[in-house]
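Residues per chain, in single letters:
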Amino acid sequence: MILSVENVSLAFGGVRALQDVSFDVGEHEIRAIIGPNGAGKSSMLNVLNGVYHPQKGTIRFKEKIFKDMDSHEAAALGIARTFQNIALFKGMSVLDNIMTGRNLKMRCNFLQQALWVGPAKREEMEHRRAVEEIIDFLEIQHIRRTPVGRLPYGLQKRVELGRALAAEPKMLLLDEPMAGMNLEEKQDMCRFVLDVNDEFGTTIVLIEHDMGVVMDISDRVVVLDYGRKIADGTPDQVRNDQKVIDAYLGVTH
Amino acid sequence: MPIEVIFFIEVLAGGLLAGVMYALVALGFVLIYKASGVFNFAQGAMVFFAALTFVSLVERGWNFWLALVVTLAVMVVLGLVTERVVLRPLVNQPQITLFMATIGLTFVLEGLSQLIWGSQPHGLELGIPDVPMEWLSQRWNINISQFDLFAAFVAGLLVAVLAVFFQKTRIGRALRAVADDHQAALAVGIPLQHIWAIVWAVAGFVALVAGLMWGVRNGVQFALTFVALKALPVLLIGGFESIPGAIIGGLIIGATEKLAEVYVGPFFGGGIESWFAYVVALLFLLVRPEGLFGEKHIDRV
Amino acid sequence: MLYREAGQFKSSYAQDQQIFPIRQDRVAIALLLVLAFVVVPLIGNQYWLGALITPFLIFALAALGLNILTGYAGQLSLGTAAFMAVGAFMAYNFVLRMPWLGVIPSFILAGLCAAAVGIVFGLPSLRIKGFYLAVATLACQFFVLWMLQRVGWFTNNSTSGVVTAQQIVIFGVPFDTPARKYLFTLTVVAVMALLAKNLMRSETGRAFMAVRDMDVAASVIGIPMMKTKLLAFAISSFYCGVAGALHAFCYLGTVEPEAYSLDLSFRILFMIIIGGVGSILGAFLGSAFITLFPIFLNLVSGAISHATGFEISHAVISNLELIIFGGLIVFFLIVEPAGLARLWQIAKEKLRLWPFPH
Amino acid sequence: MTVGTLDTFPKLLMHHAQLRGARPAIREKDLGIWQTWTWKRFADEVRALACGLHADGLRRGGHVALVSDNRPRLYAAMCAIQCLGGIPVPLYQDAVAEEMVFPIQNAEITLAFAEDQEQVDKLLEILPRCPTLARIYYDDPRGLRQYQQPQLRSYDELLKAGSEALARNPGFVDAEIDQGSGSDVAGMFFTSGTTAAPKGVVHTHASLLGPARTAAEMERLGEADVILAYLPPAWIGQNIFSCAQAFVTGYCICCPEAPETLMNDMREIGPTYYFAPPRVLEALLTQVSIRMDDAAAPKRWLYRKFMGIANRVGGALLDGKPVGFLDRVAYAIGDLLVYGPLRNVLGMSRVRIGYTAGEAIGPDLFKFYRSIGINLKQLYGSTETAVFVCIQPDGEVRADTVGPAVKGVELRFSPQRELLIRSEGLFREYYKNPEATRAAKDAEGWFHTGDAGFFDAGGHVKIIDRVKDVGKLADGTLFAPKYLENKLKFFPYIKETVCFGHARDQVCAFINIDPDAIGNWAEKRNMPYSGYTDLASRDEVYDLVRECVERVNADLAAEPEIANSQIHRFLILHKELDADDGELTRTRKVRRGFIGEKYDALVSALYSGQTSVHVEAQVRYEDGRTGTFSADLKIRDAKTFAPGAATRAA
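Line order of the protein sequences matches chains A, B, C and D.
Going by this note's numbering, the first sequence opens with residue 1, and the numbers climb by one from there.
Going by this note's numbering, the second sequence opens with residue 1, and the numbers climb by one from there.
Going by this note's numbering, the third sequence opens with residue 1, and the numbers climb by one from there.
Going by this note's numbering, the fourth sequence opens with residue 1, and the numbers climb by one from there.
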């Protein structure tokens, strides 16, 4: 068990986003979190990644207990994420964006970098090579030097995945990676997500609306509704769970 | 009443009245920011331009009221031209770009005003003597200049008019809608360009009033543009979107500045009014980044 | 058109990421350096060197400093002149009070003092953003100038508040003639520009740009907000401090607070807006434009008055200068927010693709 | 080892590893930069690989299939196989699985090298029908982690096992190499063949290295030269230019990153020695004209003006012929402003020697490249002759010939004008196909090329067409379909065309439009279109193509002996001719007979005066779904000119 969330509750002012949610994620697993809009999926992700601090409950990540995490600490621990609406650095090229993902791993201080010759240059070259492997892996060699702002939606999503991978994360949080994509782009992204899990062994926590995708690629699924966990299990168990069907078909509570 | 207390009241009153003057200028900033989300750094230059135009016309023998109306017309035209040439092409640019554009505008206005009217300072006389009010000084021999009170009165009047204008009239409501979200306002059919033109014209009028008040106080000369720098701390405290905020902010800055000048200044060797207002504003900002009345910004991930 | 890139392949990452990957650019830069270091000092006369090129370099260095802060790290600052003033005065005091230090170490120490001031006035950037931050740097501008005038220690208690800068002597060699001052300035600016370029293309530069583009995302992927922003303020102020020292020692010859007024801060801000926000080259192009433009204006007005006999007074010219600068700011912000540097880049791109349009 | 005995690829490799060990042998654009293999590393990897293969049972005479893009590891594998006396059999990497069955069965292939998952899947698909296939080595492990098939083994494992074996017995490979001799079989290349089943052309070390060395000495190729290896490894030209000649002279082979980044890689490397079949040159010219159309007016004017000068004077200057001073100056300016940058953007600034062959090239297309200063020359050869039969030497370059015979090649024409050849480069035989071998190579050793042609005045060979395609119109005049098709293909709008006329009274043609060029042309006139088929059915497009056909007719009218083989009627095909549908060979050559039968209805409609013809066809959409497609194809007449009367069209 790489991660376990125990009775987490989160509220903004009066609004209770998450109520007493507990679930766990196994090592190298593809864990999906699904639920109708406003069920608290993104909030959950933001708790895991330290952007929001839950009022109640704890998070256990690799045997370390956290009341709450700050995002900087989460990144250092090896939790990387992508955002629902793309959060790339518009002023930089694809290569620079992905290299930023490796900032935590760079050791040289700014004086050495200013001097450039010597350790800083060597370090830059090593990290460049690691990033090139990711670029090769995501098949985006042809847009290496293009400013990110100019790329189509599908490619921007891939670059963001690249940036998250650059940090060599233990756990990767994907916030609706397939939103707004056509059939072909979805297939590509699924392939990449599976390859990441398969090639690098990264644990993946996935939020996604497209049931087809979720059922195909995830090992286990958590279903949230109005901030509460209403189902947890393999895709088949969840698909036939009556509570889930009600939640989605909108039976009144 | 002991001499120190009288002296303190005088200094406080002087400070408050100076604060009113700051508020007047700050009002121009708030107006434009409220309606177009643009922090118009050139408001100071507009104040100077308005004062200079008015004074030059009066010196050329124009009747007081005629000069006033013509200057107002000139300011309205200036507002329209600015909106058309500078702001419309930059409509959805980030705020920093618009801010820098207004700095550019400041320099254009400064150059223009001195080119047309020359750059020697002018005295300005509004027919109100800068002499202490008699009954006040007899009763408690506190001498507060008549003119300051008059200025305070004008400012109060202006604020009331603007408050009513914003809250009650149809255009006022449209202005507030535009301030919140340009696209949304456009969506419901508010003629954005039209509204901005009005806003800039009103801001021109406020600049004129401020220019007159400041002109009488310090004379109409180039230094007037730096009055904008004085308005900044006021806005920081009062918040950029609220008119009452601008007035109260002005009073706070005016009072603290004067008091500090008199009581604290000597320890630092005097002349601290140039930076003291900023320090006050900064302290305020660190506590409440969006100022007294401003809304809280929430950054969504 | 001028580029012949066929055959210039890269077989190592070091080659791929060098500052000038294309040979034609490397040749051009080499020629430029030779021209700057050898030809200009020989043929330059007192006026051209002293009043034009040296100030251009000094202001370029200051603009470079501001560009690091505003262009790369996205923190708006209106206090550049104050940091220059700190640099100038501290350099004067270090040379005055610790002559054994030598000029260059005292310039570096002066720069560090400016950096310290920069960090202090950079602290608000942790909580406030955008033009709110401009106010914090404005406070710095007024506070520093006030302090330099009030506290006697800085001006060694000189009555007039104006102090003559000492002569620069390095290893016994006096740098007194305009040519030598120019060479000294050029060396300092060239080295610091290289250091800045290296910094901006490595991890620090990327951290700055990440904070500029979307600081929320930057903090989530682990970039320390506090450290990055304060580092940007420190480095930027260091560059402005050294520029201030050079300004006093190699250009004005005197150290006086009035030389570092708010107006100078605005001029340097103009330089990076017109020159190109967020580019090393932009600082140089902007500085060249703002320094040379008034001279050009004088020449033009001189020619007009000569041709038409209509004498244009000096006041009118300075007003025209103001109007044109202001107008250009608005023009550039509308037409090309990334300034001359972006136009230069587009032209270069077109030349590389010549004769094809895309 | 004295130079004389360097008669096999492995011996040459070891020679280079000794002589110029540190120089680059192969570069490959990977992970953003050009990774370099020096000759020494190349040799070491080959030695280790050879040991590994030996351990896996490869013995002298064993055939090994290779299905991969141009990559250093492909060349290493081929040479390692040759070290053990094995025979590498490169196959087309873009061929479908079905097409690999025959070669593997025919050559009883036991071991195979597959580049990545795509090629491995193809081999696994046909595994049941190829019992001999015991081992498949894959290079790129991407996606193959879960594959459990016993035959699969990674290239890295093979290499590791090989280096361990090498450590145990260092002298083994060198001993094996010494056993090899010039007459051993060095490789087998399956001809795509425009006719029946493919034939395995068996080549020895001598027959590959001989012509390679002669041509290299003729063109003074040296170790400093550079070539870009981008053509399919299964094609003989690729093996001569990027393998044999590299082994003979020691120059550097550069492999591009991926087919899509070819233009960029070409520009980065700037090769000095370049080979391109006519269809590649056509595609390049189309790109140039499309991009120039988008340029701003002044740039377009400048381009047209200087290209006019280049057309007039460029070729002559390159051939060293006398040119007026004014023209020379104008050309020099043009070189600075247009031709130099054009060569630079195309990556051809450093090209010293450029060849084109494989099929006859349109004269205007050929002239274009020479006019902008690229030393493009024609040569003639085939798989069976290890390419070099005729080469145009510098200075004697002409648009419509293939040059004189190369030193050591005997040449004569049979009464039916068929070209017969005898040279050291002749292949040994068609593998397990004695009848075909006897048919191609007669008793005195003359090889029947199947191409028709004649000697022109200057002693150059002039190729007309394939013997079986050269026909006669009903009235006996010469009908050379390829000659007409090349003239039509010069226009950027026409991508491929098939002419019919043998034993008929008129010539008619099928036309395939070029989707990019026509698409761009349509967008300029903001004419919306949904795809190729929609574009192909438009009247405006028909008018555009008719204009092109009529300009070709005007050209033909000026040449008396083929004047009345002008094109009378044509139609635009509803789909692009595609190799996957068997209409083109793997090297994109038109399979005339097959097309004639498949679209017989259309041909008869052309000749029966109909103005349109209904067509039903199977169409495969992009994502694999197939559907039937039916439409009425319009047929148009084209204006023809009285022979000799029309002026020479520009």
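It should be emphasised that the hints constitute simulated quantities derived from the structure, not laboratory data.
Be careful, since some hints might not be right.
In silico DSSO-like pairs for lysine-lysine, Cα to Cα no more than 30 Å straight-line [what the hints assert, rightly or not]:
#1 C/LYS348 <-> D/LYS305
#2 D/LYS40 <-> C/LYS10
#3 C/LYS129 <-> A/LYS90
#4 D/LYS524 <-> D/LYS598
#5 C/LYS227 <-> A/LYS64
#6 C/LYS350 <-> D/LYS634
#7 A/LYS64 <-> C/LYS197
#8 A/LYS121 <-> A/LYS243
#9 C/LYS227 <-> A/LYS90
#10 C/LYS10 <-> A/LYS121
#11 C/LYS227 <-> C/LYS10
#12 C/LYS350 <-> A/LYS105
#13 D/LYS524 <-> C/LYS350
Here's how the hints hold up against the structure:
1. C/LYS348 <-> D/LYS305: Holds, because 24 Å separates the two Cα atoms, which is no more than 30 Å.
2. D/LYS40 <-> C/LYS10: Measuring from Cα to Cα gives roughly 21 Å; hence the hint holds.
3. C/LYS129 <-> A/LYS90: The hint holds at about 19 Å.
4. D/LYS524 <-> D/LYS598: violated, 35 Å
5. C/LYS227 <-> A/LYS64: holds, 26 Å
6. C/LYS350 <-> D/LYS634: Measuring from Cα to Cα gives roughly 44 Å; hence the hint is violated.
7. A/LYS64 <-> C/LYS197: Outside the cut-off at roughly 41 Å; violated.
8. A/LYS121 <-> A/LYS243: violated, 57 Å
9. C/LYS227 <-> A/LYS90: Satisfied, since the Cα-Cα distance of roughly 22 Å is no more than 30 Å.
10. C/LYS10 <-> A/LYS121: Answer holds: C/LYS10 to A/LYS121 is near 16 Å, not above 30 Å.
11. C/LYS227 <-> C/LYS10: Status violated; Cα separation ~35 Å.
12. C/LYS350 <-> A/LYS105: The given pair, whose Cα atoms are some 37 Å apart, is violated under the 30 Å limit.
13. D/LYS524 <-> C/LYS350: Holds, at about 22 Å.
Of the hints listed earlier, those the structure fails to meet are numbers 4, 6, 7, 8, 11 and 12, in rising order.
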